[in-house]
Each structure stands twice: as structure tokens, then as C-alpha cells.
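Asker: Residues per chain, in single letters:
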Amino acid sequence: MQLIECPWCGPREETEFHYGGQAHIAYPETPSELTDTEWAQYIFFRANPKGLFAERWSHSGGCRRWFNAVRDTRTYTFLATYRSGEPQPEVQS
Amino acid sequence: MTSATPPGAHLPEHGDFLWRNPEPKKSYDVVIVGGGGHGLATAHYLAKNHGITNVAVLEKGWLAGGNMARNTTLIRSNYLWDESAAIYEHSLKLWEGLEDDLGYPILFSQRGVLNLAHTEQDVRDSVRRVEANKLNGVDAEWLTPDEVAKICPIVNVSGDIRYPVQGATYQPRAGIAKHDWVAWGFARKADEAGIDLIQDCEVTGFVTDGDTVTGVCTTRGDIACGTVALCAAGHTSVLLDMLGVPAPLSSHPLQALVSELLEPVHPTIVMSNQVHVYVSQAHKGELVMGAGVDSYNGYGQRGAFHIIERQMAAAVELFPVFARAHLLRTWAGIVDTTPDASPIVGHTPYRNVYVNSGWGTGGFKATPGIGWCLADTVAHGRPHEYVAPFALDRFVTGALVDEHGAAAVAH
Amino acid sequence: MSSDFRVEGYGRVDRDQTLTFTFDGRTYTGHPGDTIASALLANGVHTLGSSVKLGRPRGIGASWTEDATGLIQVEEPFPEPMLLATAVELVDGMVVRGLNGQGRLAQIPDTARYDRKYHHVDTLVIGAGPAGLVAARAAARRGERVALLDDRAEAGGSLTGTETIDGRPSRDFVAEVTTELAGNAQVVHLPRTTAFGHYDDGFVLALERRTDHLSDPPAGRSRQRVHRVRAKKVVVATGAHERPIVFADNDRPGILLAASARDLLHRYGVLAGREIVVFTSDDAAYAAALDLVAAGAKVTVLEVRAQAPAGAGDLHVITGARVLSTRAVLPADETVGNHGRIASVAVMDGGGHEFGLTCDLLLVSGGWNPTAHLFSHVRGPLAYDEALGAFRPARSVPGVEVVGAADGVLDLAGCLGPEVTAGDEPERTPGEVIWRVPGATDRQFVDVQRDATVADIARAVGAGLRSVEHVKRYTTIGTAHDQGKTTGVIAAGIAAELLGTGVQDLGTTTFRPPYTPVAFAALAGRERGELFDPVRTTAVHDWHVAHGAVFEDVGQWKRARHYPQPGEDMEAAVLRECTAVRGGVGILDGSTLGKIDVQGPDSAVLLDRLYTNMMSSLKVGSVRYGVMCGVDGMVIDDGTVLRLADDRFMVITTTGGAAKILDWMEEWVQTEWPGLRVHLASVTEQWAVFPVVGPRSREVIGAVFPGLDVANAAFPFMTWRDTVLDGVPVRVARISFSGELAYEVNVNAWYAPAMWERLLEAGAPHGITPYGTETMHVLRAEKGYPIIGQDTDGTVTPHDLGMAWAVSKKKPDFVGKRSFARPLNADPLRKQLVGLLPTDSTTKLPEGSQIVELCDDGVLPAPPVPMLGHVTSSYRSAALGRPFALALLKGGRERVGDIVHVPVGGQLVAAQITSSVLVDPEGARRDG
Ligand SMILES: Cc1cc2nc3c(=O)[nH]c(=O)nc-3n(C[C@H](O)[C@H](O)[C@H](O)COP(=O)(O)OP(=O)(O)OC[C@H]3O[C@@H](n4cnc5c(N)ncnc54)[C@H](O)[C@@H]3O)c2cc1C
Ligand SMILES: [Zn+2]
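Going down the list, the protein sequences come from chains Y, V and F.
Mapping of the first sequence onto our numbering: position 15 corresponds to residue 15, and the numbering continues sequentially without gaps.
Mapping of the second sequence onto our numbering: position 115 corresponds to residue 115, and the numbering continues sequentially without gaps.
Mapping of the third sequence onto our numbering: position 192 corresponds to residue 192, and the numbering continues sequentially without gaps.
Treat each hint with caution, since some may be false.
BS3-like, lysine-lysine: derived pairs with alpha carbons at most 25 Å apart [unchecked claim]: (1) K150(V) <-> K134(V); (2) K134(V) <-> K844(F); (3) K890(F) <-> K134(V); (4) K93(V) <-> K134(V); (5) K50(Y) <-> K60(V); (6) K25(V) <-> K48(V); (7) K25(V) <-> K60(V); (8) K558(F) <-> K660(F); (9) K619(F) <-> K811(F).
These are calculated hints, taken from the structure and not from any lab test.
Quick caveat, the model's predicted, so the values are computed rather than measured.
With the sequences and hints as input, model every part of the structure.
Answerer: Following this line, the structure appears as C-alpha cells:
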């Protein structure tokens with residue numbers, strides 16, 4: 001039950017948001033050139049750290065914008081939220 | 001004043017002796033990382049089926065204190081795909097003889113499971129699963145709403161709920177057991193066979209030599225090993241990261257809850273995906289229920305309350321008599337989910353390391369089955385036929401065993 | 001029956017009014033302000049029921065929610081299981097009974113209303129005892145928005161009224177503060193409101209009991225309300241729970257916590273016994289003892305410590321004493337609520353002499369456990385405090401403050417803080433931490449409700465268990481109704497003693513919500529029935545209802561499935577509707593289809609990337625069918641796309657896929673290709689869509705829209721045209737989901753009912769027939785058009801559906817393309833969509849049926865039987881005059897003509913594999 005800081009709207013209830021998994025995984029430039037293994041990595045494999053995690057969220061019940069967050073998966077605490085396209089900020093847990 | 005003791009009041013006592021608390025040895029033939037149900041069952045079958053007893057089970061906390069201590073104990077084998085049906089049915093057969101095998105009460109109660117259908121598509125998917133189950137030798141029936149009401153009279157099968165019950169699949173052999181009894185039964189047997197169960201012993205690293213792991217580093221010192229079996233459930237990624245092995249796992253909080261003790265009202269197990277809740281009434285009389293995972297990755301053993309509130313709404317919607325039952329306790333485990341909702345079991349890039357993970361919300365029922373198959377895999381150095389389809393490389397070939405796309409039933 | 005144990009001059013119950021209630025079939029009286037427990041104790045009733053396992057008598061053990069035993073079942077006014085007698089307020093006419101460890105659910109529906117309310121405050125104070133009141137007042141005076149919650153009916157917490165605060169009686173102080181708060185519009189003060197869960201970022205859930213204490217609650221008032229409070233700062237001022245000491249037969253009725261007896265006296269005017277023994281290792285019991293003496297009781301204090309503390313006054317104190325066991329005298333009439341009640345204690349004094357003391361009440365005090373649950377809920381760390389003999393907050397947590405007894409501060413002055421002065425209190429001498437007295441361990445109850453004893457803990461330790469969690473699970477201690485509120489630490493203490501380690505070394509305790517049990521219905525709130533999930537209806541829903549439609553749930557939508565006429569079942573209705581469409585003209589309400597307005601110069605680029613086929617080559621005015629796949633190459637949705645302008649498309653999705661596909665498209669646009677100049681908006685609700693379908697549809701459309709040239713050449717298949725009707729813009733598209741000539745009429749939803757009527761009116765001469773989703777499904781299945789989600793299940797590619805034609809070979813990439821090249825996609829045994837005709841021409845295969853190879857001898861072999869696939873759709877066809885099915889079948893397209901078996905209800909039904917297109921394979925009908 002976090003209070004999540006949407007970079008566009010400000011702090012809002014967790015129930016307004018939708019989770020989108022790991023952030024900063026770009027769609028491959030030329031998928032056809034990837035091996036099956038590389039392609040499988042892109043589709044299915046995501047980091048699952050116990051600790052800081054850069055991940056995507058969408059303010060689906062609000063402004064409907066996607067943004068990124070750094071959250072600690074041990075405590076669930078949001079350490080930063082930032083707009084898509086912005087670099088991942090340095091934070092400490 | 002009522003003084004007779006109610007049904008379920010007298011559960012069998014636990015054993016007078018469960019396990020030693022040994023100091024870790026310098027070296028073991030097999031090191032099992034994770035002392036949950038899967039790790040303990042694997043230890044038991046290594047000893048029992050293969051005579052391998054120079055084994056340590058390393059547990060970072062207290063034995064079987066992870067998901068094994070937190071699950072809602074549903075046991076069933078009515079899975080859609082052949083690969084799943086094979087291993088879960090193997091497991092269910094083992095459950096049916098487990099009390100004798102372990103010489104320990106596990107309170108396995110085969111009270112049947114109803115998986116409710118609420119939409120036309122639910123009905124199609126349900127019939128599909130029932131027919132597949134029958135052809136795979138798994139007991140299964142399709143029931144009309146009236147038949148549902150006969151088996152579980154408290155389900156609201158009338159038309160006046162938001163998503164009326166259109167019918168249900170029924171597996172009579174499904175049931176519940178007592179998780180601690182199960183875990184302790186396995187642990188006691190493994191200990192008796194000479195296997196060392198070592199608690200407060202977290203694996204913090206691996207000693208490797210090329211594609212071989214020669215030892216594990218732990219909070220209680222380094223331990224050399226012949227073979228390693230990872231049974232760390234929600235923490236598998238943490239261990240695989242130490243080995244530099246990627247796997248498509250994500251760890252999520254999964255919550256459950258119980259009510260106070262109530263006189264028997266609910267004779268079976270009811271699950272509903274559309275309305276999103278499942279409920280059984282445990283031996284002593286408490287209602288035990290759960291739903292889906294919390295959406296985000298988390299290692300916190302706690303979840304958000306709106307998930308519980310939604311479960312309560314679903315429960316009262318389906319079972320109006322539950323209105324004034326009380327929520328007594330909520331808790332959460334950390335479940336390791338995969339893209340196709342099927343487990344990942346088998347080889348890793350390390351010659352002598354086997355992984356057993358990805359059981360997500362439904363691995364309690366697999367406990368004896370996976371223990372059996374993983375022990376066999378470790379003993380013979382190749383995947384047992386029932387776990388072979390669940391190899392990591394299926395994500396590369398595309399041979400997924402998609403248990404949520406098509407079957408949409410978890411736990 | 002008279003209230004023998006009510007004392008004059010004490011308590012705040014309203015003695016001018018008398019309430020009557022029934023307990024275990026006997027009638028008793030009480031007063032407004034009583035709880036069931038206080039009213040029963042006033043009548044001398046201590047025993048409520050029996051224990052779950054051993055059937056031993058169980059009674060009231062405290063005066064509020066720390067009671068571990070005093071559970072009752074309320075039967076009237078409405079059955080509710082397992083409530084604490086101490087926490088149920090008395091109203092006239094109540095019927096309650098004792099329990100034997102299990103409650104009973106009502107057999108009738110609970111019609112009470114439950115709701116929620118949201119608060120956003122600067123400071124939330126939980127607990128209106130002295131510490132909480134001071135904190136709330138200070139926050140309010142700072143100008144903050146404040147919420148103050150307290151679970152009891154009145155503020156004041158542990159204050160009995162005998163204390164002095166700022167030079168006046170403590171109750172005056174309470175009244176002053178609450179009056180001040182009541183006059184401040186920024187403050188919400190909620191009594192009878194239990195904060196039961198504390199979550200991250202200052203989120204607290206609290207349950208308010210709003211009607212049960214009223215004999216005549218206002219109509220429409222919710223019975224209970226869950227308050228959802230978001231606070232910048234949470235002040236936990238929840239006090240402390242008194243802790244018992246364990247000795248043999250400590251589970252009897254007539255044994256209470258010491259401070260509870262004092263509370264009963266001052267709050268309810270109830271003297272719980274007349275001949276009282278107090279067994280204590282803590283000072284607080286002396287205040288209780290003195291007050292009870294003043295109220296007329298005879299009291300003997302058994303002091304664990306070697307010396308009586310300063311506050312002992314002239315009480316009769318036996319120091320260094322231990323209670324060894326207790327005894328009951330069975331009353332002749334053992335149903336009079338005193339079965340098993342204590343009659344004497346066996347005592348050993350400091351000199352080792354053993355003797356007995358008769359009594360009708362034994363009070364116990366082993367010190368205090370800070371009520372730190374709500375701190376622990378948010379991962380506030382608790383550490384064992386040796387001096388306190390309890391866990392208390394160890395470190396601070398941002399945004400959370402723990403004050404007063406909840407933080408282990410046990411004197412009033414400390415709780416009030418520097419701004420407020422407490423009157424003189426006797427100086428506290430340190431309590432002695434004592435978990436238990438030596439004795440018969442199998443009668444020393446640690447968890448009274450679970451019948452778990454010291455012997456059980458010893459067995460657990462003997463079995464090899466070293467962790468307190470294991471011990472709890474072995475013994476079940478702490479799992480009952482009170483969740484170990486008072487006894488959790490005792491269990492840990494005894495286990496530590498037996499293991500020879502420290503309590504802290506056994507592992508710390510964490511508390512989980514809820515703090516006290518909460519009714520399911522309260523948490524469900526109003527999300528029941530209609531409000532469980534929103535119901536979506538189309539603009540012409542009322543018409544469907546008026547015309548007898550049978551509805552089906554599709555996502556949140558109610559869709560008309562068919563319109564049975566008198567005497568028709570679904571099959572008859574659908575056959576009639578199908579015949580009407582293919583033979584004349586029908587009309588469908590297709591408004592639920594998802595519609596996404598795609599605008600911007602890069603619209604075509606986006607659609608090219610998301611659809612498997614080419615959309616950029618579509619001409620303005622034209623329509624194209626398209627398929628979308630996930631990155632894994634599996635079909636996720638299909639539908640038509642209308643090009644409205646160079647830079648504008650209308651994307652039509654399936655009904656169930658509408659929200660998902662909009663989200664999907666947004667996700668790609670925002671997260672992968674933010675450079676694309678595209679905007680997406682859902683217009684599902686804005687446009688109503690009515691397909692007019694069948695060979696006579698052209699006449700109908702021509703008649704309704706005179707401005708529209710409906711001739712085939714002017715308005716060909718897969719094009720759309722705008723027109724105007726009475727000044728209202730209308731878009732008509734020639735799209736067919738049935739293979740028939742068809743026009744889909746799109747209009748602003750405001751005008752939909754009028755448009756629908758116009759179409760019906762113009763169609764009347766042609767016998768226009770409204771048809772539902774079932775008929776739509778039959779018609780499309782006859783043409784082999786799949787329904788995504790029915791004929792697919794997330795494991796099906798466009799190629800599997802026979803739609804290689806919809807997969808562009810020209811585009812270098814689109815979402816899903818790379819996955820088609822994975823090894824498994826080349827497997828000739830992939831399941832493919834085919835038709836299936838039961839050879840007996842009469843059996844309608846149930847949807848979902850599995851398909852197996854032909855069993856030559858007509859008998860199904862023993863399991864496991866290999867499966868070839870399954871029936872995805874199955875109907876009776878009016879056009880074919882027989883039932884038919886669609887199926888996903890291994891290598892199906894190569895097997896057309898083969899016969900397979902389908903097990904149906906114990907029989908094997910033979911069926912022939914065919915093409916998936918069974919009606920009009922040439923496509924001759926679409927132009928009329
Ligand atoms: C709320 C909930 C309800 C569930 N309901 C059901 C159900 O009804 N039916 C069903 O079939 N399944 C259910 N499950 C799933 C089931 O509990 C799990 O799939 C199963 O228990 C996982 O296997 P395990 O018992 O070995 O896991 P665990 O008990 O979690 O064991 C893993 C162990 O590994 C240890 N470990 C981790 N890292 C290390 C390390 N580095 N070193 C040493 N030890 C380590 C952990 O401490 C833990 O004890 C549920 C799960 C939850 C959380
Ligand atoms: Zn926003």
C-alpha cells in the first residue's frame with residue numbers, strides 16, 4: 001500500500017498504478033539478427049534482484065503515463081520515480 | 001453451556017523427536033540449498049530411493065519456514081497439459097501413501113476441489129480441462145450449478161450474483177494436508193536416515209572450478225559438495241545470480257489469510273478465477289483462503305491490503321454465509337513465478353548443479369512428486385522423465401507449458 | 001436476577017435504564033454502557049464456555065480486547081461468531097451464548113451495509129489514552145489536520161478517573177481535550193474505531209463500529225465502516241497489555257488480569273469478586289488492589305518480589321509468594337455461569353510454606369507488553385527488553401512515532417510528557433520478570449484458548465526445536481483468536497528458559513494485520529453483487545431487456561446472447577436468428593467492440609509495427625482486417641482497422657480485448673517509441689455500432705440513409721463512408737463477420753436508441769431480426785473466423801489459424817515476427833484451426849471436448865491417451881442443417897478428410913476433419 005509519486009501527477013495511491021516489470025530493456029534494433037537464445041532473453045528473462053530494482057510503472061488510473069522507478073524489493077520502498085527517457089538516478093537503499 | 005469438544009479439536013500430536021541439530025560437516029555428497037518442503041522431500045527420497053545419505057539440507061532460517069509454512073495446502077492434479085498432469089498426478093499418488101511412508105500424520109484430507117466457471121469461456125476451458133484430465137487418468141468431472149450446490153451447499157449458485165456460477169470442474173481426490181506436519185514428517189525421516197538438516201545456515205556464495213561447483217559458502221562456513229540441488233523457491237534468483245545463471249523467474253508476494261475456528265460449513269475446496277478467491281475449511285475449523293500474487297516483484301513476505309479486501313469481497317459474493325466470519329490473520333510468502341506458470345527444473349550450465357524453482361503459487365501439492373523426481377535426477381545425473389519438459393531451454397525453443405494462458409488456474 | 005456485583009458510586013453505565021439480555025438461555029439485566037462481559041460479571045457470571053481441546057471451563061479473563069478467552073456467540077440481533085464478551089456492547093434483547101472453541105456462521109444473509117471512508121491527514125493518532133490525547137491536542141494546536149482513533153466507546157484509555165492531571169481529576173482532563181478537539185474542524189475524532197492494519201507511507205486501516213451499540217440504529221446507516229487513512233505522521237499511542245503469569249490451573253474462570261478488574265470497577269461499576277487474591281510481580285496491581293478494597297472487597301496480595309513496593313499502602317501483602325495451583329468448587333447447580341470457577345489458590349510464600357487461600361477472584365499481573373502491533377506492521381523492529389520482560393520498539397521508523405505505554409513508558413507522567421503534569425504517583429519499583437511458577441506443567445496454560453501448556457513447550461524443545469516459530473507451530477500457541485497478544489512473549493520466555501538461551505536469541509516477533517479480527521463483510525464493503533465489478537451496458541440495453549434478450553457476461557459487459565420468442569430455447573432461437581440473417585436481414589448490437597482512435601503523423605508507422613499485416617498501405621476510406629501478436633508470436637487480438645485520414649485510424653478490437661489492447665499500444669508508444677507522433681484514445685463508449693447483416697441489408701441501409709450510395713461499386717466491401725441523418729453524422733462500414741453482405745452502422749451513442757429504432761423500422765418490411773452474440777458466433781464459425789480467446793488460448797500463432805495471409809512478408813519487423821522463427825514454430829505437428837463434422841450428423845460436440853485418434857475397435861484405450869487437440873467452438877448450423885465444430889488439431893490442415901474420435905460423456909463420437917470454412921467458401925455472398 002505504497003504512496004507512489006507519479007512524476008506527472010504527484011503522490012497517488014498504489015491502487016491507481018499498474019506494474020510493468022524491469023525498466024530499461026529496449027526492444028532490440030533488429031530482432032531478426034538475434035539468435036534464438038538472445039531473443040528468448042529479450043522476451044522472457046528479466047532481472048529479479050533482492051534489493052534495488054529499476055522498474056516500469058504506469059499511472060493507469062490517473063494520467064495513464066508510463067514512468068520508471070527505483071524500488072527496493074526487500075522493503076518495497078520507492079527510492080525514486082522518474083519520467084521515461086530520463087536516466088536512472090543514483091540512489092541508495 | 002456447551003462442553004463437548006468440537007470437530008477437529010483433536011489433531012494428532014507431533015512426534016516426540018523430530019530432528020538433531022548437527023554442526024555442518026566439511027563435505028557432503030549432495031548439498032540441498034533450501035529446507036522447505038521441496039528440499040526436505042528431496043532429501044528423504046535421496047535416502048529412501050537411492051540410498052544416498054551423505055547429504056546436507058542447508059536452510060537460512062528455521063526449517064520449512066518459507067512458503068512451506070505459509071501456503072494454503074491445496075493439493076490437486078487436475079492440470080490441463082500432459083506434462084503438468086504427469087508430475088502432479090505422480091505427486092498426488094504419493095500423497096495418497098505418504099502418511100505410511102513417513103510414519104507421520106500429515107492430515108491429508110481428500111475432500112475434493114471445485115473450480116467454478118462463471119462465463120461461457122470458463123465453461124469451455126473447464127470442459128477442456130476435465131476431458132484432458134480423464135484421458136490422462138486424472139479423476140475429473142464437470143458439474144452443473146445444481147450439482148455444485150449438492151457438494152458445497154454454501155456456494156451461491158443463484159443467478160443474483162455479479163458472475164453467476166455456470167458450473168464447475170470437480171476433482172474428488174484433491175484435498176488439503178497440514179503443511180507443518182508434512183514438512184516435519186519429511187524432515188524427521190531424512191534426519192533418521194542420517195541426513196544433516198542445518199538451520200540458520202544461509203548459502204552466500206559458491207566455489208566453482210570451470211563448470212563445476214566444488215563447494216558452497218555459508219554463514220556457518222564453507223562446505224564442499226559433490227552435487228548441488230537448489231530448492232530455494234522465492235530466493236532462487238538470488239542463488240542463480242551468484243552463479244551468473246539467468247533464469248526467467250520473478251519473485252512476488254503471495255498472501256493468504258485465515259478466519260477464526262468455525263463449526264464445519266465448508267466440506268470441500270472451492271476455487272474461482274473469475275471472482276478470484278479460493279477457500280477451504282481446515283481441520284480445526286478455520287477458513288483458509290487466498291487469491292493471486294501481488295503485482296510487483298518483492299522479497300518482503302508481506303503484501304498490500306487491497307488484495308485481501310478484494311478477496312473478502314469475492315468470498316462474500318460467492319459464500320454469503322461468510323459475511324460475519326472474521327479475518328484473523330494475514331501473511332505472505334515469496335513465490336517464484338515464470339512466464340508460462342510452470343516450474344523450471346533440471347540442469348543448469350554447471351555440470352553438478354540442478355535447479356528446482358518456479359513453482360510459484362502451486363508447489364505445495366508437488367512436494368512429494370518433485371522430491372521424488374529431483375532425487376532421481378540428482379542420483380542419475382539426468383532429468384527424470386516427469387521433469388524433463390520443464391527444462392530451462394524451453395524458453396528458447398518456445399516449447400512452453402502454458403498453464404495460465406490455457407488453464408488459468410493457479411495454486 | 002439481581003446485579004449482585006454492581007457497586008454503588010462506581011462506573012459510568014446509565015443505571016437509570018435497564019437492559020435485558022439472554023446468555024445461555026437465562027435472562028440477565030445490565031445497563032447502557034455495559035459490555036456483555038461487564039453485565040455478566042455484574043450478575044456474578046464468570047464462565048462462558050469450554051476450551052476447544054480439553055473441554056475445560058473458560059471465562060472472562062480481562063476487560064477489553066486483550067482477553068484471551070472470553071469468547072461468545074451472538075445469536076440476536078444477528079448471528080456472529082467468536083466475539084469477545086468484553087468488546088460487545090450490550091443492547092436490549094440480545095441473545096448470546098458461550099462457545100466451545102468454534103463459532104457458528106449465520107444461515108441467513110447479512111443484509112447490513114458496510115462501507116469505506118477516506119481520510120488524508122497530517123497526523124494520525126491511534127489511541128485516545130493520555131499519551132494519545134496529548135499528541136492529538138498538540139498536533140491540532142499546531143494547525144495540522146488530525147485524526148484521532150480509539151477502539152473503545154469513550155476516550156481516556158487506561159485512565160480510571162482516580163488520577164490527577166494538571167491539578168484536576170483525569171476525566172475532566174479527558175473531557176477538556178476531547179471538547180477542544182471537537183471544536184476544531186481540522187480534527188476527526190472517531191471512537192469505537194480500531195486501527196487494525198498499518199501499511200507503508202502512513203496508511204492505516206481502521207474499523208468503526210457504528211450501529212451495534214444502538215438499540216435503534218438510524219435506517220441506512222452502515223453497520224461498520226473501514227476508514228482508510230493516509231497520514232504524513234502516524235502516532236502509535238496504543239498503550240500496553242497486562243501480562244499474566246503461568247501456574248497450574250491458571251485457566252479457570254474467575255482469573256483476571258489485575259488492571260482489568262480495576263477497569264471493570266471504574267468503567268462499569270462492577271466488582272468482579274468479593275474475596276480477591278492478587279498475584280503480582282508488578283506495581284500496577286497495587287493500584288487495582290487498593291481500589292477494590294475501597295469498593296468493599298477483601299484483598300490479599302501475593303507479591304512475587306521479596307518486598308512490597310511503595311504503593312502497597314496497608315494492603316495485606318505476602319512477599320516472595322507464588323501461586324502453585326488453583327481449585328474450583330463445583331457449584332451444585334453447575335449451569336449458573338460459575339462452572340469451574342476458582343474457589344481457592346494453593347500458595348507458597350517466601351519461606352517455602354505452602355497454604356491455601358479461599359477466594360472468588362484471582363487477579364494476576366506479570367508486567368506489561370507494549371502494544372506495538374501497529375508499529376510492527378510496518379516493519380518497525382521490536383527488541384526484547386530484559387527489564388520489561390517484553391518486546392518494545394527498538395528503532396524508529398520514518399513517519400511513525402510510538403508514545404506512552406506502547407513505547408514501554410509505564411508511568412502516567414512519562415506518558416503525558418513535559419507539557420502536562422500528572423499528580424503524585426507512588427514511585428515505581430522495577431517489576432520482576434517471571435514467566436511461570438514451578439508445578440504441574442501439563443496444567444500450566446500458556447495459550448488458554450488453544451489449551452497449550454508448558455508441558456507442550458517442553459515437548460517441543462525435547463523434539464529438537466530451537467526456533468520460537470517452531471515451538472509456536474508445534475504447540476499452536478499464539479494462533480488463536482487473540483493471536484498471542486498477552487502470551488506470545490511468555491511462550492518465548494519459557495522456551496528460552498528451557499533451552500537456556502535469551503529470549504531475543506530465539507528470534508524476534510513480528511505482528512501481522514489485523515490487530516483484532518475484522519468481519520469479512522466489513523472488508524468487502526460495498527463491493528458486492530452489482531457493485532462487485534462494474535456492469536457495462538450499451539446504449540440500447542433497455543431495448544434488449546424489453547425484448548426479452550438473454551444476456552451473457554463478456555468482460556464487464558452485458559451482451560444480448562439471443563432473443564428467445566415464446567416457447568423457444570436457446571437452440572431454437574439461434575437457429576431462427578441464423579436463418580433470418582442468411583435468408584434476409586438481421587441486426588446486432590456490436591457496440592461493445594473496442595474502438596481506439598489513433599491520431600498523428602506516425603499513426604501508420606505504429607500500426608505497421610503492432611499488426612502482423614501492413615496497415616500503412618491502407619487507403620483512406622478503406623478497411624482492413626488485422627491480427628496482433630505478443631512478442632512471443634502468439635495472437636492476442638484481431639479486428640478491423642479503418643483509415644479515416646492519412647494521419648488517423650480507427651482500430652477496432654474484440655470486446656474483451658478493448659482495454660488490454662489500448663494499454664498494449666500505449667505501452668509501446670510510451671516506453672519503446674516515444675519519438676512516434678501518435679496519440680491514442682478509447683472511443684468505445686462514444687460510438688454505438690449496429691451491424692445490419694444479410695442479403696437484404698442493402699435495402700435497409702439504402703432506405704435509412706438516402707444520402708448514401710449503397711451500390712456495390714460505389715460502396716464496396718471493406719470500405720467505409722460517412723453520411724448524415726437528420727443532422728447527425730453516421731459512419732457506415734462494409735465489414736462482415738458472417739460472410740453475408742453487411743453494413744456496420746456507427747453513430748454517437750447519444751443517438752443510438754433512435755438509430756436502432758430507425759433501422760428496425762426500415763427493416764420491418766424485410767423481416768429484420770435482432771440477433772445476439774450466439775448467432776453471431778455461429779455465423780462467423782460457419783465461415784471459419786476465429787474468436788480470439790475462444791478458438792485461441794495464448795498458444796496459437798496466426799499461421800496456426802490459417803492466417804499466414806495476414807502476416808506481412810514485406811515488413812522487416814513487427815511485434816511477434818522474430819518469434820515465428822523459433823524452432824517450435826516449424827513443427828508440423830503444431831495445432832491448427834480446422835473444421836470438424838461429427839459423422840453421425842446429429843451430435844453437437846461439447847465445446848472443450850478433447851480429440852483422440854480413431855480407436856479402431858471403438859473403445860478408448862487405458863489412460864494416458866494421447867490427445868490431438870480440442871473442440872474450440874461447436875454449434876448447430878441452420879445453413880448446413882447439421883452440427884459442426886471448429887477445433888485446434890495437431891497437424892490439422894494436413895489431415896483434412898481423416899476421421900478422429902471425440903470422447904463425449906463416455907461415448908466415442910466419430911468426426912471428420914474438414915477445412916475451417918464450411919459455408920460459402922468462395923465468398924460469393926459478401927456482396928449480396
Ligand atoms: C500464501 C501462499 C499460498 C500457497 N498456496 C498453495 C497451495 O494452496 N497449494 C500449493 O500447491 N502451493 C501453494 N503455494 C506454493 C507453495 O507454498 C510453494 O510452491 C512451495 O512451498 C515451494 O517449495 P518449498 O516448500 O521448497 O519452498 P520454501 O518453503 O519457500 O523453501 C525454500 C527455502 O529455501 C530457503 N533459502 C532461500 N535462500 C537460501 C539460501 N541462500 N541459503 C539457504 N536457504 C535458503 C528459504 O529460507 C526457504 O526455507 C502457496 C504459497 C504461498 C506463499
Ligand atoms: Zn500520473
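Asker: Of the numbered hints stated earlier in the document, which are not met by this structure?
Answerer: Failing hints: none at all.
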